[in-house]
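Undergrad: Residue numbers (the working numbering), protein chains in the order written: chain E, 10 to 288; chain U, 10 to 288; chain Z, 10 to 288; chain W, 10 to 288; chain S, 10 to 288.
The hints are simulated quantities; they were obtained by calculation from the structure and are not laboratory data.
Be aware that one or more of the hints could be misleading.
Which copy is meant is left open, because identical chains are indistinguishable; a pair holds if it fits in one copy or across any two.
To be verified - List time: in silico DSS-like cross-link candidates among lysine-lysine, alpha-carbon distance up to 27 Å:
no. : residue 1 : residue 2
1   : K169      : K55
2   : K55       : K173
3   : K55       : K222
4   : K259      : K169
5   : K191      : K224
6   : K173      : K259
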Amino acid sequence: MRNPLGGCLKVTEAGMTRRCWISIVVLCIFLGSIATEGMAAVEREKLLTDPGVYATFAIFKMEEDWWKLDKAVRASTSESVKAVFAKHSDRVITDTYLVRGISEKADFMVRLHATDLIHNQNFLLDLMSSPLGKYLRNLQTYKGITKKPTYAALFPEDLKAALKAPAEPGSKPYAIVIPVRKDAAWWNTEVEGRIQMLREHAEASVPYLRTVKRKLYHTTGLDNLDFITYFETAHLEDFNNLVLALQRVKEYRYTVHTGNPILVGTIRPLEDILEVLAR
Amino acid sequence: MRNPLGGCLKVTEAGMTRRCWISIVVLCIFLGSIATEGMAAVEREKLLTDPGVYATFAIFKMEEDWWKLDKAVRASTSESVKAVFAKHSDRVITDTYLVRGISEKADFMVRLHATDLIHNQNFLLDLMSSPLGKYLRNLQTYKGITKKPTYAALFPEDLKAALKAPAEPGSKPYAIVIPVRKDAAWWNTEVEGRIQMLREHAEASVPYLRTVKRKLYHTTGLDNLDFITYFETAHLEDFNNLVLALQRVKEYRYTVHTGNPILVGTIRPLEDILEVLAR
Amino acid sequence: MRNPLGGCLKVTEAGMTRRCWISIVVLCIFLGSIATEGMAAVEREKLLTDPGVYATFAIFKMEEDWWKLDKAVRASTSESVKAVFAKHSDRVITDTYLVRGISEKADFMVRLHATDLIHNQNFLLDLMSSPLGKYLRNLQTYKGITKKPTYAALFPEDLKAALKAPAEPGSKPYAIVIPVRKDAAWWNTEVEGRIQMLREHAEASVPYLRTVKRKLYHTTGLDNLDFITYFETAHLEDFNNLVLALQRVKEYRYTVHTGNPILVGTIRPLEDILEVLAR
Amino acid sequence: MRNPLGGCLKVTEAGMTRRCWISIVVLCIFLGSIATEGMAAVEREKLLTDPGVYATFAIFKMEEDWWKLDKAVRASTSESVKAVFAKHSDRVITDTYLVRGISEKADFMVRLHATDLIHNQNFLLDLMSSPLGKYLRNLQTYKGITKKPTYAALFPEDLKAALKAPAEPGSKPYAIVIPVRKDAAWWNTEVEGRIQMLREHAEASVPYLRTVKRKLYHTTGLDNLDFITYFETAHLEDFNNLVLALQRVKEYRYTVHTGNPILVGTIRPLEDILEVLAR
Amino acid sequence: MRNPLGGCLKVTEAGMTRRCWISIVVLCIFLGSIATEGMAAVEREKLLTDPGVYATFAIFKMEEDWWKLDKAVRASTSESVKAVFAKHSDRVITDTYLVRGISEKADFMVRLHATDLIHNQNFLLDLMSSPLGKYLRNLQTYKGITKKPTYAALFPEDLKAALKAPAEPGSKPYAIVIPVRKDAAWWNTEVEGRIQMLREHAEASVPYLRTVKRKLYHTTGLDNLDFITYFETAHLEDFNNLVLALQRVKEYRYTVHTGNPILVGTIRPLEDILEVLAR
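Please put together the full structure from these sequences, using the hints given.
TA: Following this line, the structure appears as structure tokens:
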């Protein structure tokens, strides 16, 4: 599948006046949206559900100088950011989160999914080299792989059925990222013991499946973590109760706590995030 | 309930000269104070006592460049800060604390209460985008939910009565924030054991209820914490003795210590904090 | 007791030219020294020995830009620093320490004693808003309360007598601050056990009482500490042997070690510290 | 063996105009590539397989100001970087890695091998003094020594044979650096116990030898580590499974976890890295 | 003994033009070298072997702005640095180490020995106030005291004799600093147990005495350490094997590991270090 934007974006790599850059970008996005629209939904669904997909959670904060720039200058950088998203849209699917005002650590987060990690790297290289990107501090870049469930196949049938309950419809504005590392005692526990503990963990989560969506990424060796757990919800108190329930099962004793890694944000379109950054 | 300031503040979002901005802001605050005065006290009391309320403790330090700005320039930013407080006043109640000169970590703290966390986020987005806000470093943003007491209902009647003793009247100039995380052994203790330990904890606090006011927020999953404990007092030595008493009960063994999170400040009106920042 | 400097210093809060500021300051210091001289020695002795006094250890480092300022500009800020010390001298007693060149963490430290913590806060607000203060990084602000000895009353008579041995006369140029936190096991030990361990601790210190002066501050709940221990000596090797002796008693097992908090400096008058900062 | 570039590069140490510098550098590289080409492959293979070789992993991030420089200015610094690599090429072999966009910690990494550590130091002194180098933040510099396998000689014959299985041909675009420290209990275990645990460790790695290349460096005393483990692979999921397998053997219990040291990057020629830095 | 440089250097404390400063400095160095030459070797030997000497390890990194200064400006600061060394040379003996390019933490280290710690402080105050010093970041300043060996007197005669074996002649270009803290269990072990463990420690070091020189400093109470261990060697692999051997004895179990404190550098004259900083 060829990127229909490729041609015009190659040109933009040479130095151009800002006006020229913006014109081309707008055109590219227009053309791109025609070409990729049909493909996107299917691809997106597949990358979000398939095993063997590489996800990158890139967490950014603007440098302090950014906010002292003239509002017009800041706003003028938006189009080139959108162009980066468009340029890579046939290889990398993206989700954007506004963290500013909720977690002090960051201003926003981009979640990337691709069939190869290098696609995510190439996306981020372009993002960080764009006019806005030059003001980005890349605070954290978690990397994970999606896998077929390892243990769930061994759970009792009723638990398996309960875990398949669909989430309630409606938007889920809040997203939470909790990186997890298990200690050596966990990994040195024989597999039956781990399955038993994960079964208790899964059972504790059942009451919250309707209001809290979850997705798991495996990171051992790619980061100083074992898992990235990702949540979406409209009900933060349910989420709070879910995590409390998970802390009350035995498996929680094997979790390593380091630093201050939990990140909470609101799911917002790129357009909105760029508007906040230009305020 | 519609924000009576909404109309005029929408206009201010576009670029204006500073003089124009200030004029409108002053007018808005004047109008706003008329419109929201009656509502405020009731709403405030309700948000400070209801369960299911979302609190945000946003802790800020000015960038070093701020203090090198001309005093007049710094003073001129005050009105737009007040405008942010006014704009959100029908959704978010606020308390302000001067930390500068007491805890090295920060210059000031804002405590926000709202029925939804996103209201607090929107407040902070505006605050941090105001002319003064561009010089803010957001050092910490703790998030918590208020809940009905979980265990207190199971305490003996005399302890329940003692815990309801009213605080002595008079202003309490000092506020202290102590974030708390309990370890896995705590959460894995069966509920009876936890109730018993919390009863000892509550009994130890009784002698200090008159002079030290307390409020509890639940944060599990929203921050790398389980609770934010918040205190107000006029008698720091009583507070010191209270914390000592709480360290001598068994429940303290399950508290995790990480970093340097205690924050002490004096409760001061926004006006005073802005004056200090403009000195 | 009214501050005789109050009147003229109020005026200085408005914007003035530097020349004007300095003239008034010099006058104030002159007048102030006449008015407060007699009172100072008594007050100072009282605040340094009474229980219920609030001490603040404010530790500062100059920003890197400071050292690039012209020497004359830096020297010109000294008078306004002295004015801050003079303005608050009837409420806050001060000691100054040059840390630069001994501990990498800081350039200097100010120790404040007052009957209320807010007096120390007000002093530091003024110090940090002075022309020199705008270049200060406030690295640490430990807060403590003095109390009557809790356990010493229960020590044997001969130990009590030994602990009252006066320090040898003569100046003690070195000061050391060691913040201390005891673990949950310590606070959960029944009081007899703690007294017994503190008795061993006190006995180990007896041989060094003549050459190492000590003072204890209680900080539980005000900082993430339980005590600030403060030492003065002319003989650092004695001090080294004292701390070694204290590490060999059982009580040391209950001390929590976090970070790198020990601070060593030389006791020097404010005048000298300002001279070093203007070099 | 004399560096054929030595003569012309000595001249460049004096101040010259940029144009002059670049001309000479280009010439040097041209001459250098003729002179060192034949030697390089043999030397490189030897330094990468011999024991007693000193490796340095130098990890860099560009300062924030770098990205605000004009693209042409940034691009103009490339030649002098290449000149540093050429100047030292007869003493130091180099590998370059693009980390930007994968691990937030760094922009790129250089791995150096030489027969003496001071050659690596001299390379890095020149690199960091080049026009681009003045914008480098040297985040980490791991140092290690290659040694003959200590324990492998004592493994059973079939394991020894399995460990000699060649890696599959083809490029391995990803490189991962995992620093390792073993705890005191490990080093205090008698040698037989350690051999037995390392045998389990080696057996767990056998299924991944074809797709994941490994190299071991000894660092005890040179860094706060005991080993640097270095991996290359085209299959990150295999790598993830390898590390999981290694976490399930007993030896993993003796690994100390501190900070966030894992580094992932893509192996890219210096030319490509310089292009990314000039974007 | 009076400092023959005292007279002319006093003058330099007032503001002077750079040309004037340099002239006087050059003169002072010239005069100083005549006056102190004969004394230096004896004094140096004495301070490096006597007990009761205060050593300061001051570790520095240049600010990022330094490297952007014109090469000529940087080079012009060298003389005033040499003047600081000369001014204090009759009270403080100095050794200089180039760390840049080996350990990421620092650019260089100065080791000072004097009979009183305040002499080291005064040296560093002058160094950091020199034109080059204004660009120094003082990353670490370890302080230690030399003492007569405490336990060695109790070792068996053959071990005592072995420990007196002279190091092989020839230059030792590498220096390593390893700060050490022992835990409470160590200090609470009765003295016989500690002697026995230190004997094993000493025995493990015997094979490396010829190629690795060692010196020990006591720091308890002066830094959050108990010892600074200092090594010089021409054979880093021997040093690596020495540290491995020391990790295999029981005493190593009582060592506390915090942070990343090991520092490796090459011993180089001040002249060379200043040349690197001016590149």
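Undergrad: Taking the hints in turn, state whether each one holds.
TA: Cross-check of the supplied hints:
1. K169 / K55: Answer is within: at 22 Å inside a copy they meet the 27 Å cutoff, but 43 Å across does not.
2. K55 / K173: within (18 Å within a copy, 40 Å between copies)
3. K55 / K222: Answer is within; shortest intra-copy Cα gap is 17 Å, inter-copy 31 Å.
4. K259 / K169: Answer is within; shortest intra-copy Cα gap is 20 Å, inter-copy 32 Å.
5. K191 / K224: both (18 Å within a copy, 26 Å between copies)
6. K173 / K259: within (23 Å within a copy, 36 Å between copies)
Violated hints: none; the structure is consistent with every hint.
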